[in-house]
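Peer 1: These are the residues of each chain, in order.
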Amino acid sequence: MKGLLLKDWYMMKKYCRYYLFVSIGFIILSMMSSGNMFFVFYPCLLAGMIPVNLLGYDERSRWTEYVGTLPYTKTQIVSAKYLIGLFTQIALLTVICIAQGVKMGIEGTFVLKEFLLLMMLLLILASVASSLTLPFVFKYGVEKGRGAYYVMIGVVCAGSIIATTIFKEGLQNEIQLNAVLPIACLVGIGIYVLSWYLSVVFYKKKEM
Amino acid sequence: MNALELKNVRKSFSGFCLDNISLTLPSGCIMGLIGENGAGKSTTIKLILDMLHKDGGTITILGKDNEKDISLTKEDVGVVMDDIGMPECLTAKQIGNVMKHTFRNWNDAEYTQLLQKLSLPDNKQFKDFSRGMKMKLGIVVALSHGAKLLLFDEPTSGLDPVVRDEVVDMFYDFTRDENHSILISSHIVSDLEKLCDYVAFLHKGKLLLCEEKDVLLSEYGIIHCTVEQLSELNNEVIRYRKETPYGAEAIVLRKDAPDGFKLSPISIEELFVFMVKEAK
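Line by line, the protein sequences are chains F and W. Residue 37 in the working numbering sits at position 37 of the first sequence, with consecutive numbering throughout. Residue 214 in the working numbering sits at position 214 of the second sequence, with consecutive numbering throughout.
Please keep in mind that the hints were generated in silico from the structure rather than gathered at the bench. Beta carbons: idealized from backbone N, C-alpha and C, even for Gly. Any given hint might turn out to be false.
Said to hold, decoys possible - To give an idea of the chain W side of the interface with chain F (calculated C-beta under 8 Å), a few residues: (1) LEU49; (2) ASP65; (3) GLU67; (4) SER71; (5) VAL79; (6) MET86; (7) GLU88; (8) LEU90; (9) LEU253; (10) ALA257; (11) PHE261.
Looking at chain F on its own, in the form it has when it is part of the complex (with noise of 0.2 Å):
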């Protein structure tokens, strides 16, 4: 499978340059504002993305039939594209975590709590973006399943918006606070698996 990460990497150094400038002027951005999420959480919709973005990319360049030749399975295809968005979201939400921190550091507002449960947030909210969508693309291919982007667009806009809201409220009441970060972690996590499982029977039944 390291091959197929190697090649990923060498893709999206090519084509995703563009989701670095625009994540870097994202992250400015939500360090001068104040209380709004919309720039923090743009970029983790960003990065959850590029997986998708990868597989158009594959496709059009009839990789997706190419590599049915190599000695890959079809769970390590699937497993190389969670992988690199999983590596592209960590990776991310790093530097996010890094301008957050210094942010609340300078306001004197950081409290590890409220900033542990906002990094929670991030990364389910950029999980959720491509484990939406990813079991669509991989069933239908990236041009049909492209119903699913928009209708994870509007998931996660809805999602950013509830997240702000236990967010705020968490801050207003610590005992909401604890119950709600386990949660949203295994929320997240069984996101993720479940949409990996599906990807994979899907893929597995799809004729190359």
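Based on these hints, arrange chain W on the given structure of chain F.
Peer 2: Showing chain W alone in chain F's frame:
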């Protein structure tokens, strides 16, 4: 051991059916899969690699069922598809790095040497390659991981005659090892005629023939005559016939050829064209 065995392989799509294909490629041999566009050549290769799920029949690659541990079997199989399928933004060097982490027996020195031999730049993006260069790179990758069986789908299309000759020589070199075999599909019959030990004719999903090339060439002959002369011939002797306002041609088995007719050697291309027209 046979490199490849297909027995009664079936696959249906809407509007197309690959119908009970059976063929055997012995180790150390080259088989040409000949057919016009849409005959089922690519479908056959995809079925062999389990990229398409067959409706029935069995396929064995290098002695192993193609539905069991196919990813392991693919370590020993080099493939070049019609569309090649390399990522467009990658250079030949990057593709080599990817393949190094893909195949257990990847030979970096061999890859670099073949790139140089075929004058392929290692720092140019795949999308900037010509069709011929893309095909050559696909062939280089297929030849650089110690494969025992090569499956080529139209590998010589888009190549100029000089490069085609180089590529054909590389295929000959590959099959010097008696454990190495090639299944090569093409509609350019002249290429396969030079190269192959066995030929298989596919037409509209049906296997018209699968036979050793030399046997075919020694068994069949062609008669050029007038339409009147042709009508005097016993119909049972004639395998395939073609009549035009300018004369007639008939393919006959040499042993059944009647006296008084001049029998010319037949080419695989002529035999294929006759058989396909007859099948229509």
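Peer 1: Give a verdict on every hint.
Peer 2: Tested hints:
no. : hint   : verdict
1   : LEU49  : holds, 6 Å
2   : ASP65  : violated, 16 Å
3   : GLU67  : violated, 12 Å
4   : SER71  : holds, 5 Å
5   : VAL79  : holds, 4 Å
6   : MET86  : holds, 7 Å
7   : GLU88  : holds, 5 Å
8   : LEU90  : holds, 6 Å
9   : LEU253 : violated, 40 Å
10  : ALA257 : violated, 45 Å
11  : PHE261 : violated, 48 Å
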